[in-house]
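Protein chains: 2
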Amino acid sequence: MDKTVTLAHGAGGKQTSELINKIFKAHFSNPDLTADDAAVLNFDGGKLAFTTDGFIVSPSEFKGGNIGKLSICGTVNDLSCMGAKPLYLSCAFVIEEGFPMDKLEKIAVAMEKTAKEANVKIVAGDTKVAGKGQVDGVFITTTGIGKILDNVNTSGFNAKPGDAVIVTGDIGRHGCTVLLERNEFGIEADVASDCAPLWDTVKSMLDVSKDIHVIRDATRGGVGTVLYEIAEQSKVGIELDSKNIPVAEGVRGVCGMLGLEPLYLACEGRLVVFAPKDTAEDIVSVLHKGKYSKNAAIIGEVTSDMTGCVVLKTEIGSETLLPQPGGELLPRIC
Amino acid sequence: MDKTVTLAHGAGGKQTSELINKIFKAHFSNPDLTADDAAVLNFDGGKLAFTTDGFIVSPSEFKGGNIGKLSICGTVNDLSCMGAKPLYLSCAFVIEEGFPMDKLEKIAVAMEKTAKEANVKIVAGDTKVAGKGQVDGVFITTTGIGKILDNVNTSGFNAKPGDAVIVTGDIGRHGCTVLLERNEFGIEADVASDCAPLWDTVKSMLDVSKDIHVIRDATRGGVGTVLYEIAEQSKVGIELDSKNIPVAEGVRGVCGMLGLEPLYLACEGRLVVFAPKDTAEDIVSVLHKGKYSKNAAIIGEVTSDMTGCVVLKTEIGSETLLPQPGGELLPRIC
Chain A
559 MDKTVTLAHG
569 AGGKQTSELI
579 NKIFKAHFSN
589 PDLTADDAAV
599 LNFDGGKLAF
609 TTDGFIVSPS
619 EFKGGNIGKL
629 SICGTVNDLS
639 CMGAKPLYLS
649 CAFVIEEGFP
659 MDKLEKIAVA
669 MEKTAKEANV
679 KIVAGDTKVA
689 GKGQVDGVFI
699 TTTGIGKILD
709 NVNTSGFNAK
719 PGDAVIVTGD
729 IGRHGCTVLL
739 ERNEFGIEAD
749 VASDCAPLWD
759 TVKSMLDVSK
769 DIHVIRDATR
779 GGVGTVLYEI
789 AEQSKVGIEL
799 DSKNIPVAEG
809 VRGVCGMLGL
819 EPLYLACEGR
829 LVVFAPKDTA
839 EDIVSVLHKG
849 KYSKNAAIIG
859 EVTSDMTGCV
869 VLKTEIGSET
879 LLPQPGGELL
889 PRIC
Chain B
559 MDKTVTLAHG
569 AGGKQTSELI
579 NKIFKAHFSN
589 PDLTADDAAV
599 LNFDGGKLAF
609 TTDGFIVSPS
619 EFKGGNIGKL
629 SICGTVNDLS
639 CMGAKPLYLS
649 CAFVIEEGFP
659 MDKLEKIAVA
669 MEKTAKEANV
679 KIVAGDTKVA
689 GKGQVDGVFI
699 TTTGIGKILD
709 NVNTSGFNAK
719 PGDAVIVTGD
729 IGRHGCTVLL
739 ERNEFGIEAD
749 VASDCAPLWD
759 TVKSMLDVSK
769 DIHVIRDATR
779 GGVGTVLYEI
789 AEQSKVGIEL
799 DSKNIPVAEG
809 VRGVCGMLGL
819 EPLYLACEGR
829 LVVFAPKDTA
839 EDIVSVLHKG
849 KYSKNAAIIG
859 EVTSDMTGCV
869 VLKTEIGSET
879 LLPQPGGELL
889 PRIC
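Here the protein sequences come in this chain order: A and B.
The first sequence: position 93 = 651 (our numbering), numbered continuously.
The second sequence: position 42 = 600 (our numbering), numbered continuously.
Accuracy of the hints is not assured; some may be wrong.
Heads up, the list lumps identical chains together, so a pair's fine if it works in one copy or across two of them.
Subject to a maximum C-alpha distance of 27 Å in a straight line, what follows is the list of computed DSSO-like cross-link-like pairs (lysine-lysine) [as the list claims (entries may be wrong)]:
#1 Lys-768 <-> Lys-664
#2 Lys-801 <-> Lys-690
#3 Lys-690 <-> Lys-661
#4 Lys-852 <-> Lys-583
#5 Lys-605 <-> Lys-674
#6 Lys-664 <-> Lys-679
Hints in this document: simulated from the structure, not taken from any laboratory.
Please model the complete structure; the sequences and the hints are all you need to start from.
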């Protein structure tokens, strides 16, 4: 293992798993600590979901949101992925000395608005100020508690051969937006982040069928990284059909110019869903009526062969292995 | 209000309250968001406590602990202060690129050990890596869930005239230790942090009497800041008897040399407790048998006059107002 922590350890791919397994899981291991988006805990007869997420995004404002909106959506969505109705959030801030007060208030306003939309209450908080240069702007860690609906059991370990693979909208917007905001490439394009709270999206799917096997939000590392994780966890193969993967025109253009794969660009408002093939069409129909899932599509299926792999059927019909995620992401979104 | 965030906003005193009230409470306000150490939430018929805390301590290692031990104790103690048995923790890490892996593991080992002692499970986590210079070493945010014992109702708003004020041990060790570690003053003294998980301490007091009005851990800002907060929240006065306030020899020496008031040095393993006078002696007797409360003492009482003030009876019998906390703390411990 590396002797020091590198940016690749934070990119959500192979090195992140290695860091988590060798340092954190090695010491924190217990039956309730799983690799899913949230822990499932028994409390007084009910089942609650519990999850935490740190946000260190730079720039802290971007088209379609800011770090405040992101910090609420991220944790709301991690709970939602477990089939848990988000109830309560805590927020811990680390703020750099000299950070403008009006910018901080703008972040708080976005958090308030997003929490209201998601119908969650912020009930606990913490504020630390770090000296100039000890932290870059503002970091926010949100932690959430949700109540898991009865008869729902979603997990990255539950994908089954024959499942359809659904995405709830066009992919890669958030990563693309952050990349453009940094303005390192001198490219302009009309792309805004997909950042959104997704409990209503999840609820609409569970109203169609409780038998959904996997729900995951495709944040750090994008859809590609999440699919590789699920293929690994469920010991299955995944076959994607390129032509069915929804990508917005602007995102496709930027990716074309920079040689990026949209499957590896972060989303902050898109879910990857695995459900039995016979319910998939109904789920997608309902998603098309939702606020944040108008472009939902079935993009592939689960196979019993090619275990641990994600195969991409290209537009000309050939098959290729989607490159394994790993190394530092471009752009780093967190 | 200031136009930018200053270190004083993070010191736990008046400016911190101002920042929290004007920016965060103004936007996040709801009945479950209180000023106590943890939120009290109803979940499936039970009452849970929920709290979060960020740790940005520098240096990350000190005599008596490191940031890992601290991050577990801090959240375990915030739950304990609500009369809640700590059950589950989440940990979110922000790590600077280049941070030594063996130092990170040492932190994880301390967290493991402390979690075991406190009998809590770490069930959720998050890892982010920030670029070199974007964060100073490692920041940890822990969030905890605990189960509130029946018939316990502790809160900073519950102090009553006639209550005895108890501290569970000698004060100011942690702040003094961090100050010495930074070695800015060229002083050496045999002082180690009091950092410890305190659920057993709280439980032993509640076994004596469930009618304890306030339990608070005297972290950032020390005992003095906590007492001023409680005096304000409960609309009471507090009178302290200088000669009864336990301060270790080493801490007293350092404070004498540097002109510091031990009441404003942080503790990480000491509680301030308000209980009816007639149970106070029994509580202190039990505390004297505990692992982390051998020097517990009754240090004062609650009065109905001098509302919002903390009055110090000096060793020569005169009375003086304890200076209000505010401004930047020396040393900054978080």
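Right, here's what the structure says about each hint:
1. When the C-alpha separation of Lys-768 and Lys-664 is checked against a cutoff of 27 Å, the pair qualifies neither within a copy, at 38 Å, nor between copies, at 43 Å.
2. With identical chains, the CA atoms of Lys-801 and Lys-690 are never at most 27 Å apart, being 49 Å at best within one copy and 40 Å at best between copies.
3. For the homomeric pair Lys-690 and Lys-661, the shortest alpha-carbon distances inside one copy (16 Å) and between copies (24 Å) are both at most 27 Å.
4. In this homomeric assembly, Lys-852 and Lys-583 never come within 27 Å of each other (Cα to Cα): the closest approach is 38 Å inside a single copy and 35 Å across copies.
5. Proximity of Lys-605 and Lys-674 under a CA criterion of 27 Å is satisfied in both settings, with 24 Å inside one chain copy and 23 Å between copies.
6. Taking identical chains as interchangeable, the C-alpha atoms of Lys-664 and Lys-679 lie at most 27 Å apart only when both belong to the same chain, with a minimum of 18 Å there against 36 Å between chains.
Hint check: violations occur at hints 1, 2 and 4; the rest are consistent with the structure.
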